[in-house]
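Colleague: Sequence:
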Amino acid sequence: MAINIKDVSFNYGSPQIIKGINLYLKPGQLVSLVGPNGAGKTTLLKLICGTLKPTTGEIYIQDRPGETFTKKERASKVSLVPQNPKLPEEMKVSDFVMLGRNPHLGLLEWESAKDFQVAGEAIQLTEIGHLLERKLGEISGGERQRVMLALAMTQGSPIMLLDEPTASLDISHQMKVMKLIKKIHGQRRLNAVTVLAIHDLNIAAQFSDRVILFSEGNVAIDGTPKQVLTKDNIKEIYGSQVTVMSHPEHGSPLIIS
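Numbering (this note's numbering), first residue to last: 1 to 257.
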């Protein structure tokens, strides 16, 4: 399911956060949005999922204008895993994951065997079966992130958006979460788009098919990790002098400050 962003701008009051961008995100891609703080990465995710509305321009989801979707329709197409979400801490993990099926249920309709099957597959893939009877307030940051991924998978949306999915995690949990995201994307790849807003350039380099580098609300550079994450590009956008070499294991760019 493709996302077509046409001439989209967005203002918070007077400051223009997104400045007339055009992007086409095609099915099968795992895309990382990178750039300095305040460049517009998170804002773009919120525009795609409908939390925010463009000031100008239009976002099309599979050739249909985003503004024509009801909230429930949009939720069946797009899921968002926000950064550090406030969760209902007294709710059991099992009940929370099942909330992902709400966009697919009619008024007063109960979950079917199919709904529980979808949730079960998500629980198995994210390996949170041992957490199901625990409350959300009792689990760790890394466990919460896996629960949020299970919720997004249970939602069954072909477009999955993740805002800083490795924030506040140590390096071990960062790698576990990113490998899980890659695995989820691989299972959904044929008709799915996965978009991450992420600040860690090495994670973007290692796990992405495509990297979009933002600067001051504009798309500065768009391409493969090797095309985008070069020494010159990083110096131009971040103002930082770095060394970029090829990773010895998987060949992706390795940025050393």
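Don't read these hints as lab results, they were simulated from the structure. We put the beta carbon where it would ideally sit given N, CA and C, even for glycine. Treat the hints with care, since some could be wrong.
[As the list claims (entries may be wrong)] Derived DEER-like restraints, expressed as beta-carbon distance ranges: (1) T243 - N102: 16 to 24 Å; (2) I171 - P36: 35 to 43 Å; (3) S112 - G38: 50 to 58 Å; (4) Y12 - E249: 36 to 44 Å; (5) S112 - K71: 52 to 60 Å; (6) N22 - E249: 21 to 29 Å; (7) S257 - P88: 22 to 30 Å; (8) Q241 - N218: 16 to 24 Å; (9) K92 - A167: 22 to 30 Å; (10) M175 - K6: 17 to 25 Å; (11) K179 - R134: 21 to 29 Å; (12) A220 - K86: 39 to 47 Å; (13) A167 - Q227: 20 to 28 Å; (14) K86 - H199: 35 to 43 Å.
[What the hints assert, rightly or not] 30 Å max Cα-Cα, derived DSBU-like pairs, lysine-lysine: (15) K135 - K114; (16) K135 - K86; (17) K135 - K183; (18) K26 - K135.
Colleague: Check the structure against each numbered hint from earlier and tell me which ones fail, lowest number first.
Modeller: 1, 2, 3, 5, 6, 7, 10, 12, 14, 18
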